[in-house]
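Trainee: Here's the letter readout for the chains.
2 protein chains.
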Amino acid sequence: MNLDIPKLKSIGKRVSYPKNFQLVQKGERCQKCWIIEKGIARYMYLQEEQELTGWFDLEGDIVGSVYSLLGLGGAREKIQLVEDAELIEIQLVDIQKDDAYFQNFKMNVMSHYFIEMENRLKLFQSLDGKGRYLYLLENKPQLLQRVPLHMIASFLGLTPESLSRIRSAIS
Amino acid sequence: MNLDIPKLKSIGKRVSYPKNFQLVQKGERCQKCWIIEKGIARYMYLQEEQELTGWFDLEGDIVGSVYSLLGLGGAREKIQLVEDAELIEIQLVDIQKDDAYFQNFKMNVMSHYFIEMENRLKLFQSLDGKGRYLYLLENKPQLLQRVPLHMIASFLGLTPESLSRIRSAIS
DNA sequence: TGCTTCCCTTATCATTTGGTAAGAAGGCAC
DNA sequence: GTGCCTTCTTACCAAATGATAAGGGAAGCA
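Protein chains in written order, with the working numbering: chain S, 1 to 171; chain C, 1 to 171.
Everything labelled a hint here was simulated from the structure, so no lab data went into it.
Errors might be hidden in some of the hints.
Since the list gives no way to pick out one identical chain from another, each pair is judged satisfied if it fits inside one copy or across any two copies.
Claimed, not checked - Cross-link-like lysine-lysine pairs, in silico, BS3-like; alpha carbons within 27 Å at most: (1) K13 / K122; (2) K122 / K32; (3) K130 / K19; (4) K140 / K97; (5) K13 / K130; (6) K122 / K140; (7) K19 / K122; (8) K97 / K130; (9) K130 / K106; (10) K106 / K38; (11) K122 / K78.
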């Protein structure tokens with residue numbers, strides 16, 4: 001049931017992209033996904049005037065628009081690199097050749113994000129800004145060291161000013 | 001690609017349960033799911049001391065612990081009926097007989113909740129309590145008429161008092 | 001070097017929200 | 001009926017957050 005990552009990597013090819021490079025465009029029907037060898041990817045939603053940070057992927061994660069990969073439609077978000085990155089780029093068509101593996105791939109990718117989002121939603125429902133920040137500090141401390149704070153603030157549903165206040169109140 | 005609902009219904013059997021009946025217990029490995037003919041189901045997370053309303057299902061929706069149905073483990077939530085309900089009860093084992101249909105079933109159920117939760121998360125990240133309430137009023141007005149407001153408050157990530165204040169400020 | 005741009009912080013004030021307490025209205029059991 | 005329980009509202013105060021403005025520092029570029 002688990003995803004065969006080595007197989008997935010063998011299907012793809014190694015690529016390097018610079019900071020701020022855009023992997024996925026909003027509305028795009030994605031034919032690719034990536035595995036992060038080094039770097040951070042950021043999922044961004046364009047919400048009336050403001051840019052919302054929906055998620056970050058780190059080393060070892062699979063990057064791609066889930067909505068689009070599943071064949072549900074065009075990507076709802078754009079995905080950009082926060083740092084210079086080294087990735088394994090995988091053409092979807094190469095996974096689709098093996099249908100059983102492709103089904104397994106889709107189930108794995110979606111269930112992974114399903115679990116992450118379920119947790120994330122509970123955090124928003126039950127914790128205030130300080131609580132959400134502390135949770136991030138506890139569970140993904142690398143993000144706080146490698147990602148600009150205004151992106152973290154958006155990810156936490158806060159203004160940069162509020163996040164700054166929360167951080168200064170703690171330390 | 002879409003789920004064959006008539007087929008699903010033909011597999012199950014009609015049942016009636018009273019208000020407050022518990023369909024799924026936390027930790028349970030579910031062998032059933034349901035289609036709602038009449039009534040409302042409520043998904044509840046037990047979060048340190050407090051009870052969190054994660055979701056509501058209405059007429060036409062498929063009810064069940066997605067996490068458990070996908071074989072990922074025991075249910076993370078309990079599911080109870082908000083009203084007396086009429087349901088089509090479906091034994092999982094009966095769907096699993098047809099593997100292609102079962103794969104399709106799982107993909108459909110999960111992608112449905114994936115999309116719902118993605119939207120819901122964006123609401124929490126970008127809107128305050130009033131905004132989230134107005135969104136609900138616009139998009140699921142039936143819930144406000146049929147579900148006790150303290151459950152709605154929890155669903156919106158608010159205290160009952162805050163929701164009450166928001167409602168009185170609007171009307 | 002000097003300049004701009006980006007990133008972050010701090011301060012102030014208005015608004016929103018939570019916590020606590022209290023009370024009203026309705027349903028239900030006895 | 002009486003009494004209990006649930007649900008909902010209102011009021012008050014403290015805390016959290018947003019909006020706006022301002023400033024400093026670091027990085028990048030001509």
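Trainee: Does each hint hold? Answer for all of them.
Mentor: Here's how the hints hold up against the structure:
1. K13 / K122: Answer is neither: 37 Å inside a copy and 33 Å across each miss the 27 Å cutoff.
2. K122 / K32: between (31 Å within a copy, 25 Å between copies)
3. K130 / K19: Neither: 29 Å inside a copy, 37 Å across copies.
4. K140 / K97: Neither: 36 Å inside a chain and 41 Å across chains, both beyond 27 Å.
5. K13 / K130: This pair counts as neither: shortest intra-copy Cα distance 41 Å, inter-copy 48 Å.
6. K122 / K140: both (17 Å within a copy, 20 Å between copies)
7. K19 / K122: between (32 Å within a copy, 25 Å between copies)
8. K97 / K130: This pair counts as neither: shortest intra-copy Cα distance 47 Å, inter-copy 49 Å.
9. K130 / K106: So K130 and K106 fail the 27 Å test inside a copy (35 Å) and across (36 Å) alike.
10. K106 / K38: Classified as within: same-chain Cα gap 23 Å, cross-chain 33 Å, threshold 27 Å.
11. K122 / K78: Both ways: K122 and K78 sit 24 Å apart in one copy and 14 Å across, limit 27 Å.
When the structure is compared with the earlier hints, violations turn up for hints 1, 3, 4, 5, 8, 9 and for no others.
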